[in-house]
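K.L.:
Chain by chain, the residues run as shown.
There are 6 protein chains.
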Amino acid sequence: MGIHQYFKSLSDLEKLYRCPGKFKFEDHSVASHSFKVTKIAQFMGTVEEKHGSQVNWKSLYEKALNHDYPELFTGDIKTPVKYASDELHDLFSQVEDQMTKKFIYREFPKEYQEIYLERFREGKDDTLEGMILAVSDKVDLLYESFGEIQKGNPEPLFQEIYEESLKTILQFKDLACVQYFLNDVLPDMLNEKFIEHSDLSFITESIVDGNKGS
Amino acid sequence: MGIHQYFKSLSDLEKLYRCPGKFKFEDHSVASHSFKVTKIAQFMGTVEEKHGSQVNWKSLYEKALNHDYPELFTGDIKTPVKYASDELHDLFSQVEDQMTKKFIYREFPKEYQEIYLERFREGKDDTLEGMILAVSDKVDLLYESFGEIQKGNPEPLFQEIYEESLKTILQFKDLACVQYFLNDVLPDMLNEKFIEHSDLSFITESIVDGNKGS
Amino acid sequence: MGIHQYFKSLSDLEKLYRCPGKFKFEDHSVASHSFKVTKIAQFMGTVEEKHGSQVNWKSLYEKALNHDYPELFTGDIKTPVKYASDELHDLFSQVEDQMTKKFIYREFPKEYQEIYLERFREGKDDTLEGMILAVSDKVDLLYESFGEIQKGNPEPLFQEIYEESLKTILQFKDLACVQYFLNDVLPDMLNEKFIEHSDLSFITESIVDGNKGS
Amino acid sequence: MGIHQYFKSLSDLEKLYRCPGKFKFEDHSVASHSFKVTKIAQFMGTVEEKHGSQVNWKSLYEKALNHDYPELFTGDIKTPVKYASDELHDLFSQVEDQMTKKFIYREFPKEYQEIYLERFREGKDDTLEGMILAVSDKVDLLYESFGEIQKGNPEPLFQEIYEESLKTILQFKDLACVQYFLNDVLPDMLNEKFIEHSDLSFITESIVDGNKGS
Amino acid sequence: MGIHQYFKSLSDLEKLYRCPGKFKFEDHSVASHSFKVTKIAQFMGTVEEKHGSQVNWKSLYEKALNHDYPELFTGDIKTPVKYASDELHDLFSQVEDQMTKKFIYREFPKEYQEIYLERFREGKDDTLEGMILAVSDKVDLLYESFGEIQKGNPEPLFQEIYEESLKTILQFKDLACVQYFLNDVLPDMLNEKFIEHSDLSFITESIVDGNKGS
Amino acid sequence: MGIHQYFKSLSDLEKLYRCPGKFKFEDHSVASHSFKVTKIAQFMGTVEEKHGSQVNWKSLYEKALNHDYPELFTGDIKTPVKYASDELHDLFSQVEDQMTKKFIYREFPKEYQEIYLERFREGKDDTLEGMILAVSDKVDLLYESFGEIQKGNPEPLFQEIYEESLKTILQFKDLACVQYFLNDVLPDMLNEKFIEHSDLSFITESIVDGNKGS
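Quick note, the sequences are listed as chains A, B, C, D, E and F, same order.
Add 201 to a position in the first sequence, counting from 1, and you land on the number used in our numbering.
Add 201 to a position in the second sequence, counting from 1, and you land on the number used in our numbering.
Add 201 to a position in the third sequence, counting from 1, and you land on the number used in our numbering.
Add 201 to a position in the fourth sequence, counting from 1, and you land on the number used in our numbering.
Add 201 to a position in the fifth sequence, counting from 1, and you land on the number used in our numbering.
Add 201 to a position in the sixth sequence, counting from 1, and you land on the number used in our numbering.
No lab work stands behind these hints: they were computed from the structure.
Quantities reported herein were computed from a predicted structural model and do not represent experimental measurements.
Identical chains blur together in the list; that is why a pair holds if it fits in one copy or across any two.
When the alpha-carbon atoms are kept at most 25 Å apart in a straight line, the in silico DSS-like pairs for lysine-lysine are as follows:
no.	residue 1	residue 2
1	Lys259	Lys325
2	Lys209	Lys251
3	Lys302	Lys216
4	Lys251	Lys374
5	Lys303	Lys251
6	Lys223	Lys303
7	Lys368	Lys209
Modelling step: build the complete structure from the supplied sequences, incorporating the hints.
P.N.:
Structure representation (structure tokens):
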């Protein structure tokens, strides 16, 4: 029993990869993803505050940091949508839930159990903080799938993920931070220029020729 | 729909790692594991035949080759025993089962569905072939955990796996191939000598000194 | 001496990569490849049976499982065709052959040596099973090279491999399973749609706009 | 200019490894480390609260999340102590500082610049939150070096890191959370049992013999 | 103290990656890069000799082999140009310089210190050998960036690197070896044909149809 | 045809790993190994010079840089000694030789063919430079095997390699540089202290207790 087991489990999250076997260009661990989601949530919360909302920062950080901790027990399972179902998804949630509770009762000292039961509870409720988490989680997923598509991963799964993420974000379009994302971030992401192999000859010629005159 | 999806799924099994995040020295994909189990089963079947048993080779190969295919849909989940339970284990089997069926009905032409429903069924029954599979699966797991322990992985999970594998193998100790394994293979595995850092000075001196005389 | 050395060698095949240094997107170990070839051969044999041929399953599985085992001793050498020659290829086969024999005589108990000399013999003979192996080996190679080309690997080696594989498959075009592959699998492989970076703006707009109305 | 560059930079932190070339068993990215430090700080703050201190959670989370962000610009440089010096260390801090500022002025909209200049400032000040960060940063480093030593990494650098981390933690021994760590976590970490190769024969015999009677 | 530390440091250079986190397709260690630069310099020197120049081979090899050794102490930092500055660059050079000296005085026997101080000095001076080094270093960088662009890495950093490398090479366009590179090597690099996914259907059809007639 | 093919081949050497599948802790590419051997040869040559020998530096560098280039065509094959033979070894050398020649005649311009035929010839002759190469090649191999043994790789292959390397070095014990290696480098390598898991409790206690008094 002990917090040592909990601290050690953090390092297991570093080695747990999302969508195992699917990302070809950049793997993402559950630990890294949680970090990125929390950083995105931090920015999103800041935008909300600028627009007059009151953010419960303690709650927002707790939700974002811990939202995927239960994957410690089951891994990250991303079955192609066509073979999955809501029923199966519920089965999994149930499994994760029970294992998380077992873990807390076994490893945490009594006086901290309630706090951590609360922290590891599903955070995507309908508070402002729950909604910011739901959005931030999908923003990171959008970036992850964009990264693969942009580098040429032909796996249709990533288009599915991209579309699903964007649709979820749009469900929260009344939030100021979602408006900010749609208007100020997404266009820059899509406008990313990138060099083609075929441009290289042109670039090379320009440089070599431009240099001749000098 | 199509066999193309099935062929493509084989390559997904190459990228699905067993006990994700736990092996520190040698990762094992589900594809590689299935190969090794089939090769071990081939030897075990040969021993059985030498001792007078009749082996249904077609059945043995089918069982061994396909025994972990359903992990395609859920990954390989190896939750430390202390947080798991039989009930949870059953939940997972159910999930895998349903997804496998969905996959077959969706991707296989009608005339091959029955055959593959049969092939992807749990193979560890009480036929001779089912028992050889159960043994071979654990022999490979024993080797995998031995490989980690021997190289210094301190994770207690591997001792658990080692013990559990050996105990399962012993449940079939009436099989000639299990006797062969216990008497002729296991001792060699355990006797593997290995050099210690501290031996190097001695070895070096012997070589350098032995050479002086020459 | 001992079967332990043989079992241990299976794990070496997990770490032996095909065309070392050439695959940029997905590495393939000899163990994984052998697994995939055996699974493909299983399907191909099933098609043959459906079309009235008699398949010797024991032989087919033995051939497929063991066909690359001798690479244990020499690695997988895929020299660009232009620098190689038949003569060199023969030299290599000879080396592999001799080493395989040495291994069997050294590690296998006497009563199993004949069986394994037979199993590790070149399996691509002109029996139905030998032909199914030749086809299945190339089908997997076709998929491996397709996977690289599709993800954007510009190395011309993969076009060479793709073409050579397809040509070899076509040499067996009288087999029912090759007809099945050409008519029902290959077109699906080639028709794989994949998203381009440039499609993302369009998809994004559709989703965002479609959502506005709601 | 844009927040898109900032979001993209988060993914760069996933690929930036700590002490490049030194960890042999488990690599740690700057993103993963930041996640673990924040999770540890969360627990440490909770202990402080239980002991009557008042924790500014917003500040604690900001400090922990962002404390290594500037490594984006310089990488994580861990020169063996014997070749480094305070002067060199200061030079680096200066470089990181300037680049961080350039980045904020270039990429952040004006109304968020002040907030992020503050967030990316050195967080280890003498507030309670600054001290918890200093401790949590070293607790994770202690775990990282312990992980390597325990698995057999002979590099003396890790002993240096272990000792230096522990000494830094002890500078804050008046904190309740440091007392908790020293009394309730550290002993469990050090007591981690681990199986030796030489134990395997004994374990195996016990299992095999124990089974004979049955 | 000792040359053992120096020999051991060579292996650290194997694990030090260039532009950490940026290359997606092929990582390049400082050791590998140094090897390639030395090999390129060997060819460039040979061209110079063919054209009548006198090459001091001892000096050329020393410069090429050692030119990145000081990165041992700081890693390879490739900050996107827009956030860097000459001043920062000078700061880094200073740091590397001081650490290299400390290392030599600490680890090398007195009689070899002068020789290695000289060998680890910045080699890109205006001797013929210094110029060949400057060119060869950039030729390898050009190839490294070309490799990424050609495989589809969309990171604009690689276009920056490609352009900057080519411009530096052109500064030495009066050298015979640069003329050779521009006229005989660069065009072949740019002309590399590569197969597109969309070509595969055509190739496949040609082969399948061509075969029908046979 | 072209030098571009030659430059490109250098990058293939970066991806060609030595003893594929055997090193568990640190992989070594042919490119990295060639770099280290050349650096070691540089030091060894320097020692020889200090002791009055005349070193042909141009020749030494050429031999060291190029000594493993032909592995480009066959990979690095390190078959366990017990299954190999001199005859097989000769077969391989022959294959490498012929492919290297084919490559030079195909890719190099006529005026450089003679030079490169010479450069890619076996360099370990009985000149001083040939002997320094033979020694330096084995010194690096000694370090590579030491690195694995020291970290706990139990594979007996590494003891074989260690012993064989040392024995080869001793064949050149009349060289001043070998004397230097035996007297001044090897003892430091063997004396490398390293921390054991069991030392950690002691170290920790010392630090914690030492701190109590303060």
